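Using the sequences and the hints given, assemble the complete structure.
Chains E and C are the protein sequences, given in the same order.
First residue of the first sequence: 136, per my numbering; consecutive thereafter.
First residue of the second sequence: 136, per my numbering; consecutive thereafter.
It should be emphasised that the hints constitute simulated quantities derived from the structure, not laboratory data.
Bear in mind the structure is a predicted one, so any value in this text is a computation, not a measurement.
Hints are supplied without guarantee of correctness; some may be wrong.
The list treats identical chains as interchangeable, and a pair is accepted whether it falls inside one copy or across any two copies.
[As the list claims (entries may be wrong)] In silico lysine-lysine, DSBU-like type, Cα no more than 30 Å apart, as pairs:
#: 1; residue 1: K344; residue 2: K244
#: 2; residue 1: K244; residue 2: K411
#: 3; residue 1: K374; residue 2: K243
#: 4; residue 1: K488; residue 2: K328
#: 5; residue 1: K244; residue 2: K377
#: 6; residue 1: K298; residue 2: K328
#: 7; residue 1: K243; residue 2: K377
#: 8; residue 1: K222; residue 2: K488
#: 9; residue 1: K189; residue 2: K244
Here is what each chain is made of, one letter per residue.
2 protein chains.
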Amino acid sequence: MYDLNGMGERAVAAKFDAGLLKTEKKNEVLKTCAEGLKASYSEIISANDRDIEKAKENGVPEGMQDRLRLTESRIDAMAEGLLEIVKLPDPIGEVMEEFERPNGLRLKKVRVPLGVIGIIFESRPNVTADAFGLTFKTGNAVILKGGKEAINSNIAIVRVLRKALEDCGVNPDVLQLIEDTDRETTTRFMKLKEYVDVLIPRGGAGLIKAVVENSSIPVIETGTGNCHIYIDRDADLDKSVKILFNAKTQRISVCNAAESLLIHKDVAEEFLPVLKKALDEKNVELRGDETSKRILGDCVIPATEEDYGREYLDYILSIKTVSSVEEAIAHINRYNTHHSECIVTENMETAEKFLDGVDSACVYVNASTRFTDGFEFGFGAEIGISTQKLHARGPMGLKELTSYKYKIYGNGQVRG
Amino acid sequence: MYDLNGMGERAVAAKFDAGLLKTEKKNEVLKTCAEGLKASYSEIISANDRDIEKAKENGVPEGMQDRLRLTESRIDAMAEGLLEIVKLPDPIGEVMEEFERPNGLRLKKVRVPLGVIGIIFESRPNVTADAFGLTFKTGNAVILKGGKEAINSNIAIVRVLRKALEDCGVNPDVLQLIEDTDRETTTRFMKLKEYVDVLIPRGGAGLIKAVVENSSIPVIETGTGNCHIYIDRDADLDKSVKILFNAKTQRISVCNAAESLLIHKDVAEEFLPVLKKALDEKNVELRGDETSKRILGDCVIPATEEDYGREYLDYILSIKTVSSVEEAIAHINRYNTHHSECIVTENMETAEKFLDGVDSACVYVNASTRFTDGFEFGFGAEIGISTQKLHARGPMGLKELTSYKYKIYGNGQVRG
Chain E
136 MYDLNGMGER
146 AVAAKFDAGL
156 LKTEKKNEVL
166 KTCAEGLKAS
176 YSEIISANDR
186 DIEKAKENGV
196 PEGMQDRLRL
206 TESRIDAMAE
216 GLLEIVKLPD
226 PIGEVMEEFE
236 RPNGLRLKKV
246 RVPLGVIGII
256 FESRPNVTAD
266 AFGLTFKTGN
276 AVILKGGKEA
286 INSNIAIVRV
296 LRKALEDCGV
306 NPDVLQLIED
316 TDRETTTRFM
326 KLKEYVDVLI
336 PRGGAGLIKA
346 VVENSSIPVI
356 ETGTGNCHIY
366 IDRDADLDKS
376 VKILFNAKTQ
386 RISVCNAAES
396 LLIHKDVAEE
406 FLPVLKKALD
416 EKNVELRGDE
426 TSKRILGDCV
436 IPATEEDYGR
446 EYLDYILSIK
456 TVSSVEEAIA
466 HINRYNTHHS
476 ECIVTENMET
486 AEKFLDGVDS
496 ACVYVNASTR
506 FTDGFEFGFG
516 AEIGISTQKL
526 HARGPMGLKE
536 LTSYKYKIYG
546 NGQVRG
Chain C
136 MYDLNGMGER
146 AVAAKFDAGL
156 LKTEKKNEVL
166 KTCAEGLKAS
176 YSEIISANDR
186 DIEKAKENGV
196 PEGMQDRLRL
206 TESRIDAMAE
216 GLLEIVKLPD
226 PIGEVMEEFE
236 RPNGLRLKKV
246 RVPLGVIGII
256 FESRPNVTAD
266 AFGLTFKTGN
276 AVILKGGKEA
286 INSNIAIVRV
296 LRKALEDCGV
306 NPDVLQLIED
316 TDRETTTRFM
326 KLKEYVDVLI
336 PRGGAGLIKA
346 VVENSSIPVI
356 ETGTGNCHIY
366 IDRDADLDKS
376 VKILFNAKTQ
386 RISVCNAAES
396 LLIHKDVAEE
406 FLPVLKKALD
416 EKNVELRGDE
426 TSKRILGDCV
436 IPATEEDYGR
446 EYLDYILSIK
456 TVSSVEEAIA
466 HINRYNTHHS
476 ECIVTENMET
486 AEKFLDGVDS
496 ACVYVNASTR
506 FTDGFEFGFG
516 AEIGISTQKL
526 HARGPMGLKE
536 LTSYKYKIYG
546 NGQVRG
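Written as structure tokens, this is what we have:
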């Protein structure tokens, strides 16, 4: 049996080291790691070649093979990513609040690392360096479990990064990779509550569901997005076209892409044909209710109940006509994944009703849902988009990888 | 099968109502609830009598019976608790951050309710009113699951509170009680992820473990406390005696009581006899290592490995001699439950080392661990003490029962 307990113990020992590292030291390590990656093209690429070869043998589609492939420029991008993290402010040690009680106790609420973070991810091996950079800058130890398809690449990248940690005199166990890709080992990893403080799945809906159902470690759910664009009665037509087109088609495979259009019945006749014309440029398939089908004709496939709950990640859009903003809000709150939704309207009262009523991490007025992203928000980094309400919601940057403790200063106070 | 899905659906409908209530309305409801409780002595006490009767039949110990018993003055205290919550500021709607991006998008990070909160608790029926008051003031809907032993009392209290909600024209499903005390129903409740946003167990270590292991809903772990007092080489003797005596004996059954004493070897000879003399007043049993046994004699029972990990909740204290603050920190991080620990020292350099190194929600210098409490911290309320690192750590007041969302204002921005 793969020794997960041993890894857990080493991670716990390492988290105490990592949590006390000074910012300068952490930055030195990240720079050394970046250099290490750039000095290891051949080692990493030859490991990656073995993954690609196996993918070909297994008949993995070209697109998936491409996501898996590492080149010198992609390794440079990983190194660049680490250097970007060097530039970000270190949140650890920040005094978030400070106050004194009538009995003279002085309390400081101080930002600290989460401790040991587990990350389970799929396919793209660049996540390895990326996740290490973010968790290390925030003083955490990380245990990574990547996909079987990228195992050789991940092993090579982790070897380079651990070598850099050792060269800097830092406990290399702040970064560990589970090299056994057996499913049973992954399930055991989700139960490693004694050692791991939080588990973050990064990948498709299936992976996330499996983690939520099997983990006894607290989980941060990320990244499923059935995002809605609601075009209100008071919407501007040009903005509507621009925003819907961008949200649906600019990049279809991502969680902040739009999957569903709601449109107010009073503007449906006028707007829908214009919207369709724009979407036709990308051959977007439309699945709509009866009203939209009446207006647009047979090109609209009748939408099923299931359609409204789907995250297509494809050139497909569901359509529903509504009679009010209230109906739009109720529909969204029934079918959404609490990720990102947008109202297009020139009426600020209606907009505020929508912003208040919709239960999602990010709610937009007159802007594309594609902006839900740690970089677009100015966080300088992103470990994922949280779609749950505990701990962090929406884009998670460095601060969202931290916890806090209370430091309390007394001079002999006891409780009466 | 008890209809938990129906309860879940009603709670979700109610959470949208509750989240939009104005502060004044919420306060009006809480006042009406307080009046309702005071007007229902006989109804509540006669229900409570049935619980007490059954407890007697089942041979429940006197102490437990007392915790279960409701009197007019205890009902008054419940009503008082609700009125205290009226006075607290409403955190909902608070703009936590506001910023603008170079593309003109304006972002507001706004505090919102968590949504539907599940609370599983044991014995004392006053938790029912208490938990309702805190979750309602923060705009949440709550589903309560109390213990079998208090079921009649809980049903009566919930009936009174729901009546008050209806009288105020508020959806009474913001407060629901699971009336079926079957264990299988409780286990199904823990899987109600589709409707419940967070689950908070309040009770003993066994209850908390069962919830953590079985829940697919995100859990906030509360309330297990194996708290340590470390008396440093540079400690003041008087403060040491006062703090240890208070932390160990002022109230033994609570999570912030001390369970273990660490003492620096250089002061053990001088301090231990004085500490023992104080603890003798309460007949505290001592379970110590060899050094403490050599100093104090045969009254010290040899401590086992298991003793150092125990939360006694009794007049028992484990003792360990250490050679340095580093050894104290390592011992604590190995055996603690991440709740509260204290260093007694006059050396601020040593104190800071301890504050930084110990992995607990609350770390004290020269004060009793008994202060870890929402009221003592000035939060004005407390739903529990979180011992995990996700979302909230330490005493949880109103703010800790909230989440946030981003409201994003644009004028047609799309992603390039």
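Please flag the earlier hints that this structure goes against, numbers listed from lowest up.
2 and 9
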